[in-house]
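Protein chains: 2
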Amino acid sequence: MGLETQGGTRFCGRCGAPLALRVPAGDDRERHVCTACGAVHYRNPKIVVGCIAHWRGRVLLCRRAIEPRRGLWTVPAGFLEHGESAEAGAARETLEEAGARVGIDALHGIWSLPAIGQVYLLFRGRMRDARVAAGAESLEAGLFAEEAVPWQAMAFPVVTQALRAWFEDRRRGRYRLHRGLVEATRWS
Amino acid sequence: MGLETQGGTRFCGRCGAPLALRVPAGDDRERHVCTACGAVHYRNPKIVVGCIAHWRGRVLLCRRAIEPRRGLWTVPAGFLEHGESAEAGAARETLEEAGARVGIDALHGIWSLPAIGQVYLLFRGRMRDARVAAGAESLEAGLFAEEAVPWQAMAFPVVTQALRAWFEDRRRGRYRLHRGLVEATRWS
Ligand SMILES: [Zn+2]
Ligand SMILES: [Zn+2]
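The listed protein sequences correspond, in order, to chains A and B.
Quick note: the first sequence uses full-length UniProt numbering, first residue 1, plus one each step.
Quick note: the second sequence uses full-length UniProt numbering, first residue 1, plus one each step.
Same shape as in the complex, but just chain A:
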């Protein structure tokens, strides 16, 4: 991922002229509107896709090699690309970050993080074999039983929540769809 651009938009992507904050006709809130060509630039939330991939009861985790939260653990996840389905994105991230091939089984849950404009879509996936290899954005990757998960060194509260729900579902023998709202204070 390169330099972050969202939030710092000051010029029009269509014509290069400066933007101004205005309420467009028929709208109900301020938008970045081009002072030259009139294009309205919406600030769209981003989709984070990821996978809780398992192999014989153990889940696949990666330790982050990049900021934010370098050195802490998470499940393979990242921004959905234009042109791919949510499921394909989750499988791609799992391959890129942890070197693991998965079949996507179901949606595990959806979490909204409105304060940072993100929606997490985390899927459940079966690993095709036990092979794991840290990708360029990971320091290491491995398979963890519930008691071995580094719960005190997890990168993102939303992932911790999702993982705990997965182990609970597994104990009960019934996987549910989870849904949640992560407030700003819980995130930061």
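One or more hints might be untrue.
One-sided and incomplete, this derived list gives chain A residues near chain B with beta-carbon spacing under 7 Å [what the hints assert, rightly or not]: (1) G13; (2) R43; (3) L80; (4) H82; (5) A86; (6) A141; (7) F144; (8) L177.
Quick list of simulated restraints, FRET-style, between CB atoms [claimed, not checked]: (9) A133(B) / G103(A): 40 to 48 Å; (10) A136(B) / R170(A): 44 to 52 Å; (11) C37(A) / R126(B): 55 to 63 Å; (12) D27(B) / E147(A): 48 to 56 Å; (13) C37(A) / R43(B): 18 to 26 Å; (14) W151(A) / A106(B): 26 to 34 Å; (15) G57(B) / D129(A): 45 to 53 Å.
Honestly, the hints are just simulated from the structure, not real lab data.
Since this is a predicted model, take the numbers as computed values, not measurements.
Ideal placement from N, C-alpha and C gives every residue a C-beta, glycine not left out.
Please build the complex by placing chain B with the ligands on the supplied structure of chain A, with the hints as guidance.
What follows is chain B with the ligands alone, placed relative to chain A:
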């Protein structure tokens, strides 16, 4: 909704300089990279949130007053805003387009439309009363039993699919989570 800008990005939002297509270091595909400040501009898929809202077995539909598909029918749905949860967005669209207040019950399904860079999140909602009023983007709004739905005049195949699934779930007395991939040819 104003002038569409996605896809036609040619200038840097940070500094206004022209963009060029390049593969950034450590990346595996071409991105719009600023020729002056080096900012990488990712093309992010958008989230469409909507609601299958019902009142005593009838579902809430709107007839579109805007392009695309002006004059055709759909459920209340639109782009998620930065700063709102997926559920709040679905409820907002239902109020804006159909004048109806809903409580969100569950996620009905998730559909990816990779060819146009969209992910649909459609929720199930209970209307608080039977009040309905066409919003600015709707020609009319109303409640429809299954046999009264204008199946031949629906705006979007993904919504038709989702609605049929909802009526089927209802007949079976068991609501499931639906998941789908809408190919370019099915969409256009
Ligand atoms: Zn402009
Ligand atoms: Zn620039």
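Are there hints from earlier that the structure breaks, and if so, what are their numbers?
Numbers 6, 7, 11, 12 - these are the hints that the structure violates, sorted from lowest upward.
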